[in-house]
Amino acid sequence: MTEQRNLLTVRDLSKSYRLGGGFFDAREGTVRAVDRVSFSVERGRTFGLVGESGSGKTTIGRMIVRVVEPDQGAILFAGAASQTIDLAALTARQMRPLRRRMQMIFQDPLSSLDPRMTVARIIGEPLRAVHGVAPGDLRDRVAEVTELVGLRREHLDRYPHAFSGGQRQRIGIARALVTGPELVVADEAVSALDVSVQAQVLNLMRDLQQKLGVTYLFIAHDLGVVRYLCDTVAVLYRGRIAEIAEKRDLYRTPRHPYTESLIAAVPPPEPEDGPAPQPREPAALDQAPDHEAPAAGCPYRARCPYRQEICAHQEPALRAIAPGHSVACHFDLQLKGI
Amino acid sequence: MSDLHAAPAAADDVSWSQWKLIRVKFGSHKLALVSIWLLGAFYLVALFAQFLAPYGTWQPSPYAYAPPTHIHFFFHGKFVGPMVYRTRIESDPETFERHFVVDASRPARIHWFVRGASYRWLGFIPSSLHLFGVEQDAQLNLMGTDILGRDCFSRDLIATQISLTVGLIGVFITFVLGCLIGGASGYYGGVVDNVVQRFVEFVTCLPTVPMWMALGAAIPASWSNLKVYFTITVILALRSWTGLSRQVRSKLLEMREEDYIVAARVAGATDWEIILRHLLPGFASYLIVNLTVEIPRMILGETTLSFFGLGLRPPTVSWGVLLQDAQNLAAISTYPWLMFPACMVVVCVLAFNFLGDGLRDAADPYKE
Numbered sequence: 526m527t528e529q530r531n532l533l534t535v536r537d538l539s540k541s542y543r544l545g546g547g548f549f550d551a552r553e554g555t556v557r558a559v560d561r562v563s564f565s566v567e568r569g570r571t572f573g574l575v576g577e578s579g580s581g582k583t584t585i586g587r588m589i590v591r592v593v594e595p596d597q598g599a600i601l602f603a604g605a606a607s608q609t610i611d612l613a614a615l616t617a618r619q620m621r622p623l624r625r626r627m628q629m630i631f632q633d634p635l636s637s638l639d640p641r642m643t644v645a646r647i648i649g650e651p652l653r654a655v656h657g658v659a660p661g662d663l664r665d666r667v668a669e670v671t672e673l674v675g676l677r678r679e680h681l682d683r684y685p686h687a688f689s690g691g692q693r694q695r696i697g698i699a700r701a702l703v704t705g706p707e708l709v710v711a712d713e714a715v716s717a718l719d720v721s722v723q724a725q726v727l728n729l730m731r732d733l734q735q736k737l738g739v740t741y742l743f744i745a746h747d748l749g750v751v752r753y754l755c756d757t758v759a760v761l762y763r764g765r766i767a768e769i770a771e772k773r774d775l776y777r778t779p780r781h782p783y784t785e786s787l788i789a790a791v792p793p794p795e796p797e798d799g800p801a802p803q804p805r806e807p808a809a810l811d812q813a814p815d816h817e818a819p820a821a822g823c824p825y826r827a828r829c830p831y832r833q834e835i836c837a838h839q840e841p842a843l844r845a846i847a848p849g850h851s852v853a854c855h856f857d858l859q860l861k862g863i
Numbered sequence: 002m003s004d005l006h007a008a009p010a011a012a013d014d015v016s017w018s019q020w021k022l023i024r025v026k027f028g029s030h031k032l033a034l035v036s037i038w039l040l041g042a043f044y045l046v047a048l049f050a051q052f053l054a055p056y057g058t059w060q061p062s063p064y065a066y067a068p069p070t071h072i073h074f075f076f077h078g079k080f081v082g083p084m085v086y087r088t089r090i091e092s093d094p095e096t097f098e099r100h101f102v103v104d105a106s107r108p109a110r111i112h113w114f115v116r117g118a119s120y121r122w123l124g125f126i127p128s129s130l131h132l133f134g135v136e137q138d139a140q141l142n143l144m145g146t147d148i149l150g151r152d153c154f155s156r157d158l159i160a161t162q163i164s165l166t167v168g169l170i171g172v173f174i175t176f177v178l179g180c181l182i183g184g185a186s187g188y189y190g191g192v193v194d195n196v197v198q199r200f201v202e203f204v205t206c207l208p209t210v211p212m213w214m215a216l217g218a219a220i221p222a223s224w225s226n227l228k229v230y231f232t233i234t235v236i237l238a239l240r241s242w243t244g245l246s247r248q249v250r251s252k253l254l255e256m257r258e259e260d261y262i263v264a265a266r267v268a269g270a271t272d273w274e275i276i277l278r279h280l281l282p283g284f285a286s287y288l289i290v291n292l293t294v295e296i297p298r299m300i301l302g303e304t305t306l307s308f309f310g311l312g313l314r315p316p317t318v319s320w321g322v323l324l325q326d327a328q329n330l331a332a333i334s335t336y337p338w339l340m341f342p343a344c345m346v347v348v349c350v351l352a353f354n355f356l357g358d359g360l361r362d363a364a365d366p367y368k369e
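Here the protein sequences line up with chains A and B, keeping their order. Residues 526 to 863 in my numbering are what the first sequence lists, from first letter to last. Residues 2 to 369 in my numbering are what the second sequence lists, from first letter to last.
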């Protein structure tokens with residue numbers, strides 16, 4: 526796989542947050558929200574980032590569009606002019622011309638739309654920020670994108686409060702697509718929607734990908750949704766990648782106990798794939814407090830039903846076990862045998 | 002028929018802007034609607050007070066403590082329009098008590114647009130025109146007179162000028178201080194925020210009335226009335242900015258995390274564009290509400306200070322200054338019309354509070 530097939534390559538991306546911070550708050554230490562995460566996103570495909578809340582998936586998405594500053598690591602973005610730019614090394618001013626090439630779709634379709642703006646102004650905002658776009662062109666482009674996402678022109682003069690959840694998310698998608706970006710970070714883009722509306726929005730996103738060739742970084746906590754849309758999936762646990770694989774491999778043969786438990790929690794949408802592998806019940810839940818940085822060993826060991834002596838001492842590294850399939854577990858293949 | 006009209010209106014609201022939603026919601030708050038008209042009338046009176054008042058603020062007469070004059074429309078059974086009877090003062094030879102004797106044989110018509118005491122309208126346009134008045138030898142005291150025989154009604158009207166504007170100017174200073182200090186606190190966060198918030202807590206802890214009294218007492222007696230007036234507004238504002246600064250700070254902190262602000266940053270908008278396009282419009286309604294609630298506090302503050310003799314001093318008239326005359330029980334029981342400015346304070350403060358109430362409900366039309 527060459528760099529050029531990959532639109533985005535993330536290397537050793539890390540972000541820590543300081544605990545406490547209050548005047549009289551004596552707590553010390555940091556939380557590693559994202560811990561040395563690396564992955565690549567192929568051009569024109571959909572990469573899924575899955576994890577429970579607090580796993581760092583939203584932080585990764587926001588670091589890539591540079592709304593959150595990364596502590597360390599590289600975000601390599603392959604430009605159309607065949608040169609690769611490290612987004613993490615850019616200043617805010619240098620970042621601005623690149624903004625039009627990467628956009629974001631948000632989870633809450635209402636709070637991500639300014640209630641005081643008309644739909645036309647909301648969708649046009651990324652274009653206006655580019656500067657040098659004539660008002661007539663702007664209006665035309667906004668109308669074009671609006672129809673592309675399945676809204677009508679007369680919706681443009683209305684305000685967000687007048688729309689349903691699904692329509693609002695279409696407005697958010699139109700805003701993300703108006704500059705013709707190569708990468709769209711979809712942060713829980715359908716989690717706040719009704720199930721029936723979720724399907725419509727997912728279909729729309731898939732259609733738009735086929736039409737425009739846009740690349741999605743799809744962030745979700747719901748494996749069922751990811752299964753529908755994504756080509757490659759990375760499972761995050763406490764800021765680290767637990768497993769990364771092509772969608773089919775991941776769902777058929779999960780190698781990490783955490784992936785296994787996630788899949789077991791989703792009812793199978795396609796029965797011909799067979800029932801999901803049932804994980805062993807957690808032996809005993811001596812669960813460590815959430816977000817507490819583990820001193821050593823596997824971060825998942827407190828919840829792992831298969832844990833062994835070694836898990837407490839040695840942290841498993843992410844290693845390739847098959848082409849395109851990596852897992853961070855000491856026992857990936859022998860999982861069932863233990 | 003009304004249903005037919007209601008349907009398209011309901012379909013229309015999809016394109017209603019925030020301000021239209023606010024107007025519609027505010028319109029359903031009846032008390033606030035009444036209040037806004039009432040306050041409009043108050044400020045109109047303040048604007049044209051010298052013209053509406055039949056006398057000036059400093060026109061003594063021998064008719065000290067005269068009760069309100071009655072207005073009559075009929076003379077000997079015939080309609081003659083509004084008129085008053087002339088009165089004369091008689092002393093009881095035994096008790097030396099003064100009586101006002103109405104002389105029913107000597108009526109005096111009330112004339113419209115008469116020349117009277119000269120004044121400068123808005124401080125610079127000289128005039129002596131009054132809306133109504135009576136001849137020199139008659140008395141027209143709608144609210145009676147005070148100890149020097151000055152017309153209370155005229156003084157009450159002219160006092161609205163100071164009392165109502167002290168609130169506006171004070172609120173303007175509050176607004177500037179609150180936005181700057183609260184804005185810096187919320188925008189920079191961290192150490193700045195910490196220091197500013199501790200300072201705000203300190204200022205909030207100062208007991209209001211003693212602080213006002215100390216500052217009011219520090220105003221040199223030799224200062225001109227204008228100077229004293231501005232100093233009073235500054236004193237009132239020095240205490241009241243803390244509340245607004247906290248509101249601004251918390252609103253800024255809250256809005257900074259809103260997804261649509263993040264969306265604007267992803268879109269590539271600069272900080273300045275975000276402040277102008279998203280933060281300020283989101284703020285405006287809250288600020289207006291806060292300011293509306295702050296004005297009556299200013300009015301009460303001025304009244305309190307002046308009542309204690311620490312604020313404005315005669316010959317300036319404000320509601321507080323006028324109420325100094327009503328400080329003892331004997332005056333109130335014998336000359337109850339001296340209490341009228343207190344009624345005006347109550348009505349005005351209530352109106353502001355109702356208005357603030359209605360605005361608060363309407364300010365955020367997206368929250369049900």
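Derived from the structure by calculation, the hints contain no laboratory data. Quantities reported herein were computed from a predicted structural model and do not represent experimental measurements. Don't be surprised by glycine CBs; every beta carbon is placed ideally from N, CA and C. Certain hints may be false.
To be verified - Across the chosen pairs, the derived CB separations fall in these ranges:
| hint | chain 1 | residue 1 | chain 2 | residue 2 | range |
| --- | --- | --- | --- | --- | --- |
| 1 | B | Ile276 | A | Val791 | 40 to 46 Å |
| 2 | A | Arg626 | B | Phe231 | 53 to 59 Å |
| 3 | B | Ala42 | A | Gly661 | 44 to 50 Å |
| 4 | A | Pro660 | B | Ile276 | 19 to 25 Å |
Said to hold, decoys possible - Here are some chain B residues pointing at chain A (derived, C-beta under 8 Å):
| hint | residue |
| --- | --- |
| 5 | Ser18 |
| 6 | Val263 |
| 7 | Pro282 |
**Prompt:** Which of the numbered hints above does this structure break?
**Reply:** none
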